[in-house]
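J.: Here are the chains, one letter per residue:
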Amino acid sequence: MGKTSLIQRYINSLFNDKYHTTVGVKVDKKMVSVDGQDLMLMIWDIAGEDAFTQIKPAYLRGMSACIVVIDGTRRNSFDVALSVHEMVRQQLGELPTVFALNKADLKGEWALGEEQIRTLAQLGHPILETSAKLGQGVGEMFMALARRLC
Amino acid sequence: MTTLLEQTCASLDMVVFTHVGSGLFRPESVLPEWMLGLLGAQHGTDAYDLVDAFPFLSCFMDEARTRWQQGLSHPVRSGSWVEAGLPGSEVPLEASALFVDGQEVLILQQLGEKYRAEVALLQHVRDGLLNQEFLEAEVRKRTGEIRQREEDIALKLISLTSFRDQETGAHVRRIGLYAAAMARALDWSEAEVDNIRIAAPMHDIGKIGIPDNILLKPGALNEDEFEIIKQHARIGAEMLFGTDIPVLEMAAGIAWCHHERWDGSGYPRGLAGEQIPVAARITTIVDIYDALVHERVYKKAFDEAEAVAIMKGLSGKNLDPGLLKVFLYLLPVMRRIKDEVREEEDSPRPVAFETGRN
Numbered sequence: 001m002g003k004t005s006l007i008q009r010y011i012n013s014l015f016n017d018k019y020h021t022t023v024g025v026k027v028d029k030k031m032v033s034v035d036g037q038d039l040m041l042m043i044w045d046i047a048g049e050d051a052f053t054q055i056k057p058a059y060l061r062g063m064s065a066c067i068v069v070i071d072g073t074r075r076n077s078f079d080v081a082l083s084v085h086e087m088v089r090q091q092l093g094e095l096p097t098v099f100a101l102n103k104a105d106l107k108g109e110w111a112l113g114e115e116q117i118r119t120l121a122q123l124g125h126p127i128l129e130t131s132a133k134l135g136q137g138v139g140e141m142f143m144a145l146a147r148r149l150c
Numbered sequence: 001m002t003t004l005l006e007q008t009c010a011s012l013d014m015v016v017f018t019h020v021g022s023g024l025f026r027p028e029s030v031l032p033e034w035m036l037g038l039l040g041a042q043h044g045t046d047a048y049d050l051v052d053a054f055p056f057l058s059c060f061m062d063e064a065r066t067r068w069q070q071g072l073s074h075p076v077r078s079g080s081w082v083e084a085g086l087p088g089s090e091v092p093l094e095a096s097a098l099f100v101d102g103q104e105v106l107i108l109q110q111l112g113e114k115y116r117a118e119v120a121l122l123q124h125v126r127d128g129l130l131n132q133e134f135l136e137a138e139v140r141k142r143t144g145e146i147r148q149r150e151e152d153i154a155l156k157l158i159s160l161t162s163f164r165d166q167e168t169g170a171h172v173r174r175i176g177l178y179a180a181a182m183a184r185a186l187d188w189s190e191a192e193v194d195n196i197r198i199a200a201p202m203h204d205i206g207k208i209g210i211p212d213n214i215l216l217k218p219g220a221l222n223e224d225e226f227e228i229i230k231q232h233a234r235i236g237a238e239m240l241f242g243t244d245i246p247v248l249e250m251a252a253g254i255a256w257c258h259h260e261r262w263d264g265s266g267y268p269r270g271l272a273g274e275q276i277p278v279a280a281r282i283t284t285i286v287d288i289y290d291a292l293v294h295e296r297v298y299k300k301a302f303d304e305a306e307a308v309a310i311m312k313g314l315s316g317k318n319l320d321p322g323l324l325k326v327f328l329y330l331l332p333v334m335r336r337i338k339d340e341v342r343e344e345e346d347s348p349r350p351v352a353f354e355t356g357r358n
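So the sequence lines, in the order shown, correspond to chains A and B.
Okay, so the first sequence: first residue is 1 according to my numbering, each after it adds one.
Okay, so the second sequence: first residue is 1 according to my numbering, each after it adds one.
In short, the hints are calculated from the structure, not lab data.
Heads up, some of the hints might be wrong.
[To be verified] In the SDA-like style, the derived pairs of lysine to any residue whose C-alpha atoms are separated by at most 25 Å in a straight line are:
1. A:56 - B:49
2. A:18 - B:141
3. A:56 - B:14
4. A:18 - B:109
5. A:56 - B:109
6. A:30 - A:110
7. A:56 - B:66
8. A:29 - B:66
Remember, predicted model here, so these are calculated numbers, not experimental data.
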């Protein structure tokens, strides 16, 4: 939860506190400049997995990099994120990836423990704390990924 | 026929394309307003590179090509996706591929209300789940707070006896941790594991009711004195019984029965075997282990092998043989607890306690 909010914050500098579910895929674009080189990011906001929806493997075709968003306040978000990352890894191999520990503005209420963060760290990808509400870490997260694509 | 197709497409808010090769598609119906903006610079040409205009289609084209090669007129659908339209607006779309009359057909449909209804339904369901998740988290948090309070109260109770007998804070913590390890190995629920971790250290709480001249007597006790000290089991139970708090109920059972013996020769009631509550049988084992492997004023610390040999000698007499096997299986865990929870880590002992001993 929070993927769409992070993208909205990044693309449109907007934040809405209300949760809006995503169905299917939302496609957005943003032109960025990395070390003087222009790069068009095609950002696919893929609906998360739960009892009602599963990510279609076809959605992952052609993916160059991914951001796996973990809602720090929700216990099972970590497990879902790991399983999504594994799905990506199996289908496309090791891609540039960033783990976003989202809702950093609610860090006092995080259900995420040290052990889980250590588990993530062992996967060898950057981990960033983000907050779509505050804008914390959002631009940095996309730029970190963009740099790895150049 | 063309008019019929036009009207049908307009009514369903869809565009029918035929594949003309090289990834280009020719519209067979009028392009609606919403599509013109999405086609961007391509607008006005005869055939469109739809994958370029709608990158989402790149992950659908393999399925579409398969359908066309199979020559099947039954459509395969892409699933919905959303394009950002005019600023602030979203265009929900779905593609379908089918083979009709020798033509490779691709249909793009604006889902409009159908999509919004699906989103609204899912939103409703997920809001409900989120609310439930929030409530569950709140219950967990509150339960945790109550458990913490119970544990704090228990530790305060235990500290009362620490002022008067020789047991240390580290011993108290170890007893709880050993007992919890046993309970976990026996597949107890997490709540029960927590209960015994808190309850087992209270086993000697009744010593608070034993006079100093007996409790703190340095030498051996005579028969009368021993009869008095035996009362600590009953006193502890009476202190702890009578609440509806599961951890205190368990603690009461442990206090009452931790000097009972498996063969029935213990006190205060001479219970035997499984008449003795399992929590008490566990506490007896771990209390003996901890006493054996640590130094006391009246004895040296035994090494682990000696302690195990002594405990094996008590199997079926003082100790439940089945539980002792579990304990011995867990010996590496117990050793780790023994090594990690040491006396040096204790907070400074109260002066009154030290004075009392002297």
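J.: Compare the structure with each hint and give your call.
T.: Now for the hints, and whether the structure bears them out:
1. A:56 - B:49: holds (24 Å)
2. A:18 - B:141: holds (24 Å)
3. A:56 - B:14: Distance ~24 Å between residue 56 (chain A) and residue 14 (chain B) Cα, so the pair holds.
4. A:18 - B:109: violated (29 Å)
5. A:56 - B:109: Judged against 25 Å, a Cα distance of about 20 Å means the pair holds.
6. A:30 - A:110: Measuring from Cα to Cα gives roughly 31 Å; hence the hint is violated.
7. A:56 - B:66: holds (17 Å)
8. A:29 - B:66: Distance of about 29 Å is beyond 25 Å: violated.
Consistency note: the structure conflicts with the earlier hints numbered 4, 6 and 8.
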